[in-house]
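Using the hints, put the two chains back together into the complex; each one sits in its own frame.
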Amino acid sequence: MTTGTMLIDGVPVSFEYGQTIMEAAMAAKIFIPHLCHHPEFTPQGSCKLCTVKASGRYVSACTMSAKDGMEVENNTPDLNDKRRTLLQMLFVEGNHFCPSCEKSGNCMLQALAYELEMLSPRFEQFFPNRPVDASHPDFLLDFNRCILCELCVRASRDVDGKNVFALAGRGIHKHLIVNARSGQLADTDFSLQDRAAHVCPVGVILEKRKGFAVPIGQRQYDETPIGQQMDELAARSAKAEE
Amino acid sequence: MSFELETARADAGNLRRVAIDPVSRVEGHGKVTLLIDDNDEIQQVRLHIVEFRGFEKFIQGRPYWEVPVMVQRLCGICPVSHHLAASKAFDHVVGAPVLTPTAAVVRRLMHYGQMLQSHALHFFHLSSPDLLFGFASDVGRRNIVGVAAAYPEIAKQGVLLRKYGQEVIRHTAGKRIHGTGAIPGGVNRSLTVDERDELLAGIDQMIAWSREAVVMVKRLHATDPVLYDDFGTFRSNLLSIVRDDGALDFYDGVLRARDADGGILLDGVEAKDYHQWIGEEVKPWSYMKFPFLKHLGTEAGWYKVGPLARVQNCDFIPSPLAEAERREFIDYGKGQLIHAPLAYHWARMIEMLYAAETIKTLLQTDDLLGGDLVREGAHQPEGVGIIEAPRGTLIHHYAVGDDDLVTMCNLIVSTTHNNQPMNEAVRRVARQYLNGRKLTEGLLNHIEVAIRAFDPCLSCATHALGKMPLQVVLQDRAGSELDRLEKTGAGEISGRRE
Ligand code: SF4
Ligand code: FES
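One line per chain: the protein sequences are A and B, in this order. What the first sequence shows, in our numbering, is residues 1 to 242, in sequence order. What the second sequence shows, in our numbering, is residues 1 to 498, in sequence order.
Next comes chain B alone, as it looks inside the complex (with noise of 0.2 angstroms):
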């Protein structure tokens, strides 16, 4: 299926197709394609995000207890995410699809601190120097450094509730980065009185910031109404799991998904099902998929997941201030649901502030200091994990032979759920932008900006901590390149311009 903008129509005159060869890809980046006409009108945008899908063969014929370890390589930013819903996936392969409840709190914390610390630097570090100088402001500004500069409060909480949620990765994961906490039916160890002491002194405080968080995102979507609705907005299905009585949950749920309005398309559907719903389509000029709900076919059966999909789809948030949130946002939509890109960043703290109050709720419970962290049962050929990683739905499906060896993997990360939302968003931006036959640096910022709103850095796809390295291409309708402009990782931007 084709969309607006994504393919040139065929009567839009004499165009020529230009497909990415592998000559052109260009790994670690994101490569976005203008095709323009005699009228400098545009006739196609096309992101083009170069996924690193070498991972499931890689995986094929490894030790299944391995696997929870390895995946954490499969992102910069959220290692955690791959390692619980790998390790969600073999707790049905150990025959241990209900955990002890020490290991199970265990886990839901390392989680939460997972996305507290994802949302606090996808938001302070990577997005609010955009949001508060301005997209195309200065560059050497627009980072963590210039936000200190010239708002050091906000700067530093950003560090702090991102080195707090650190520090709960470390108590449940053994380390910051890469730890091994959770195995297959459980946990390798629980937290001590001390470890569990050290972090309920810091969770107030980190409460109290994530709710002047929210307050701030709330205040600059105030001052430019304009810019926050409008800004890449477009109209499509949302997807998340929720919990079983439908309350926002980040760690386990069934899969729900409304559509653009807010009807519910389909619900309760457990973790193993997804593949009944979930198809991926592929198209000729992208390397990443293209996933969509099944029983609506390619065309109008795409969505978006995230914080705008999760804090929308869910019936409540199981924790009172950011339940108070929700409502308020809920409510700034007059009845519609809000669809518009920036709006993420609105959600994303919201979520932040319910996973600070959860991380509180679960350093009260008694099982987290508990000894009893694995459990094993009869082993089943199969197991699916699903958790909600800070920027979507995270889907594990691995089978595994009598020998114990992987022998399928199939994953599909959030920046995938996301590609189809992600070419809409900066199609959008594009037809706003761009203007005439040269690329300008406030375009690229722009479509960094609304990629950014999804996605911090693609960092499923390029393994890249908090770096968007961005490629913009701007082509005649014969295919000659007339324009292109580029950004480093290092923020860099370099043109190649006659």
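Okay, chain A solo, but in the shape it has when bound (with noise of 0.2 angstroms):
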């Protein structure tokens, strides 16, 4: 196995080839904000939040692999403020109400502006009207916070093996369905046991009636800021996520 040393942030980092610089970083317990990585599926590279500097270049983390001598730069002011501009616009382009969201202190984007001290909004809401599909008796689909990551694409896909979600329509049209004729979750054999059923970052596909059985307060992301969970979010492919 070769292996080769950068630095991320002027902290010596050793990787093996192949690796990307985020699983190189993961490994290293160094975090690099991220929303459609998971350790677990192919990288995508849409979400663009792992966007470091490397060799003076921008690149999505989650994509490009380590080179030997590599100089990355991450945890700096100027990514953080563009980290933060995508987060803001990821909060305004769907309905993202954290104070009445089940998923509050589960959610990756909640716990990313926290991280990044996303302090205020910024740009207008676009208040999309989505509504839910509720036809399944287990789960519950709130498209209204859908980011678009693409795991549960994957997941359902690569994992499952069933193809339960795609993604339609191009740009700002763009848009996450299920794939059966009538477009509901219900025609199709979706499952608790899923895969897809547990990977969503924020609040779509959500079990049903549980709601606020967890306190807020005693959630995931409640305690420890996300940045330091580096563990956790590493375990991520071990175990299925509740």
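Hint data in this document are derived by calculation from the structure and do not stem from the laboratory. We treat Cβ as the ideally placed atom computed from N, Cα and C, and that holds for glycine. Just so you know, not all the hints are guaranteed correct.
[Said to hold, decoys possible] Computed list of chain A residues with no C-beta within reach of chain B, every gap over 12 angstroms:
1. 46
2. 57
3. 58
4. 63
5. 65
6. 84
7. 119
8. 120
9. 137
10. 160
11. 206
12. 214
13. 224
[As the list claims (entries may be wrong)] Far from chain A, some chain B residues (derived; all Cβ distances over 10 angstroms):
14. 140
15. 180
16. 258
17. 290
18. 327
[Stated by the list, open to error] Derived lysine-lysine pairs resembling DSS-like cross-links, with alpha carbons at most 27 angstroms apart:
19. 289(B) x 57(B)
20. 162(A) x 208(A)
21. 272(B) x 210(A)
22. 208(A) x 57(B)
23. 57(B) x 210(A)
24. 29(A) x 48(A)
25. 175(B) x 208(A)
26. 208(A) x 272(B)
27. 48(A) x 82(A)
28. 31(B) x 210(A)
Structure follows, in structure tokens:
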């Protein structure tokens, strides 16, 4: 196994050839903010939250391979400012109303907004009107919160072998759909056991009737900021998240 | 139906009826319009409250388990009341009308903590400045800071009573505001031994201060009985829930109504049957509806809710100190029901004492520490939750589809129940204090004091906490504006006088 060494914010980080900057950083317990990346699935590099500067160029850490001698800037005011802007755009594009969202405290988008100190709104709210899909007996889909990370798409296709989800439309019209003639989750073979049922980083794919059974304050990101949960983030591939 | 001074008489000469159009509607304001004739006699007085009803639409199509958390946005002062009224409605939906002993006592404690903090806020922070300094006194001084300077001990007690109530809420709901403690079918937490002990350590002091607060209000009444008995006074029916045995209860019970002389109009009505008895009249000049008892009709069926109704509607208060105060209060009426708006404060402080005593009892219940939190049974398509919120009866009614989404939501909040009573109080006050064709700050203040007896800030309507932006407009018989006075939420008064 060949290894190399790069610098992330001046800290030497060794990696195995073939690893991405994200994978090497995770192994070294260095936090690079991310949303569409998940250790279990092939990277797709769509959210751009993991943008770092490698040898002077902006690149996605989740898709760019680590190279020997590479100098990576990660936790810098410039990059965090850009990431904050991306988050602010995500927040206005959907309806992310944390105070009454049952995913609050378990939501990566919210956790990253705290982590990156997104303190104020910046852009005009889109206020999209996307009806929920409550057809399935055990699951609710609240499309208002979808950030188009495609984790559910990848999980259903690559792990569950079911292809329940897909993205349709282009550009600003891109949206998540359910692969059924009716478009309804009830008309798929989606089930509680699916990997895709437990992978959504925000509050779209929700097990019904759970809601606020776990109090706010006792949830994953309530006590410890996401940036300090490297073990938990890396372990996501090992166990299905609940 | 139209009441005296609600609409000018047809023979009152050449008066132009002025309806509020959506343009003149002031979001988040209470607005009073006065119409006078050529002899400067008042012909019409209307309090317009812009109620935010968009919520009922908004909640349709949302999953039911989200609603108890979401509804807390409805009120800046009593979010817990909405949280619990919605949870109670959804207890029925999830087939758990009877909660586990732990859930029942945690919820009740949460609610009584809420009553304590809200009553303390309403009285000490928002109303005591008017009562201690006089209604037309210096605006700059008429706030809790002014009270702290002149009566430091009273202000301190008010602040700490409120804080204690907030601590009760924090330990039961998880957070001081917008907690998530109650969930359909139960609660998501109970108390730890430490949390209980912390609250127990402070409760005797709260009871003692609540007693002093009752004594203080009684003294105020004794100093100026004419003012306290007559200010804005009108007679009406009363409505509240009472416990099955007729006891005062804020959390659960059956609907009871009395007429202005104390005769029973209805009793023992279960929450789920509320709509058979209570109707809501729409009037073209107001955005807020006017509830009434259906069997009496709109003219005779309106009623007031809140402390003054509750304390006189129940047969007894199930805690000794508050019950002794209730008896003294009833005696003050000399066999008659007390209808004076300013007596709301007296009743409110008796209720605060009852809340404090009840909190102590609940804290001594072992179930508070239990671990059996939620129940679920066969789901039902509908649920009604009724609770006595600080300002009065609060009704939440929902229907839920097979897919768990809310299909119908109807709320009747305390401010709406008191719509007609507040209009009546304002009419009385306007007749007493309007002088000539100029609006004075004194009049504005008196109107505000009358409304505040019922509702500290029209908060259900305006979603503001502790602020009551108010606008008074004086019109002549042709409907043209003679004068206008406005008070912002920050207390600044501005006019538009020629
Ligand atoms: S539903 Fe969730 S997992 Fe799927 S694309 Fe949207 S945000 Fe990603
Ligand atoms: S995490 Fe790299 S682009 Fe989304």
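Comparing the hints with the structure gives:
Annotated as non-interface, residue 46(A) keeps its C-beta farther than 12 angstroms from every C-beta of chain B; the closest such distance is 28 angstroms. A cut-off of 12 angstroms between C-beta atoms confirms that residue 57(A) is not in contact with chain B; the least separation is 44 angstroms. In this structure residue 58(A) is separated from chain B by more than 12 angstroms, as the shortest Cβ-Cβ distance comes to about 39 angstroms. No Cβ of chain B approaches the Cβ of residue 63(A) within 12 angstroms, the least distance being about 36 angstroms, so the stated non-interface status holds.
In this structure residue 65(A) is separated from chain B by more than 12 angstroms, as the shortest Cβ-Cβ distance comes to about 43 angstroms. With a least beta-carbon separation of about 25 angstroms from chain B, residue 84(A) lies farther than 12 angstroms from that chain, consistent with its non-interface assignment. For residue 119(A), the condition that its CB be more than 12 angstroms from all CB atoms of chain B holds, with the nearest at approximately 19 angstroms. Residue-level check passed: residue 120(A) sits 20 angstroms from the nearest beta carbon of chain B, beyond 12 angstroms.
Not every CB of chain B lies more than 12 angstroms from the CB of residue 137(A), the least distance being 9 angstroms, so the non-interface label is violated. The Cβ of residue 160(A) sits about 23 angstroms from the closest Cβ of chain B, beyond the 12 angstroms cut-off, so the non-interface label holds. Chain B draws residue 206(A) into its interface by the beta-carbon criterion, the shortest separation being 8 angstroms against a cut-off of 12 angstroms. Distance to chain B contradicts residue 214(A) as a non-interface residue, since its nearest Cβ pair spans about 7 angstroms, not more than 12 angstroms.
Every CB of chain B lies more than 12 angstroms from the CB of residue 224(A), the least distance being 18 angstroms, so the non-interface label holds. Distance check for residue 140(B) against chain A: the nearest CB is about 32 angstroms away, which clears 10 angstroms, and the non-interface claim stands. The beta carbon of residue 180(B) sits about 4 angstroms from the closest Cβ of chain A, which is not more than 10 angstroms, so the claim that it is off the interface is violated. Distance check on residue 258(B): its Cβ is at least 38 angstroms (rounded) from any Cβ of chain A, clearing the 10 angstroms threshold; non-interface status holds.
The claim that residue 290(B) lies off the interface holds: its Cβ sits roughly 30 angstroms from the closest Cβ of chain A, which is beyond the 10 angstroms cut-off. At roughly 41 angstroms from the closest C-beta of chain A, the C-beta of residue 327(B) stays outside 10 angstroms, upholding its exclusion from the interface. Simply put, residue 289(B) and residue 57(B) have alpha-carbon atoms about 16 angstroms apart, close enough for the 27 angstroms limit, and the pair holds. Proposed proximity of residue 162(A) and residue 208(A) is supported: the alpha carbons are some 21 angstroms apart, at most 27 angstroms.
For the proposed pair residue 272(B) and residue 210(A), the alpha carbon gap of about 26 angstroms is at most 27 angstroms, so the pair holds. Straight-line distance between C-alpha atoms of residue 208(A) and residue 57(B) comes to about 22 angstroms, which keeps the hinted pair within the 27 angstroms bound. With a C-alpha separation of about 24 angstroms, the suggested pair residue 57(B) and residue 210(A) falls inside the 27 angstroms cut-off, and the hint holds. Distance check on the hinted pair: residue 29(A) and residue 48(A) sit about 20 angstroms apart at the alpha-carbon level, within 27 angstroms; holds.
For a cut-off of 27 angstroms, the pair hint linking residue 175(B) to residue 208(A) stands: about 24 angstroms separates their Cα positions. Straight-line distance between C-alpha atoms of residue 208(A) and residue 272(B) comes to about 26 angstroms, which keeps the hinted pair within the 27 angstroms bound. At most 27 angstroms may separate the alpha-carbon atoms for a hinted pair to count; residue 48(A) and residue 82(A) meet this at roughly 10 angstroms. For the proposed pair residue 31(B) and residue 210(A), the alpha carbon gap of about 43 angstroms is over 27 angstroms, so the pair is violated.
Violated hints for the displayed structure, listed by number in ascending order: 9, 11, 12, 15 and 28.
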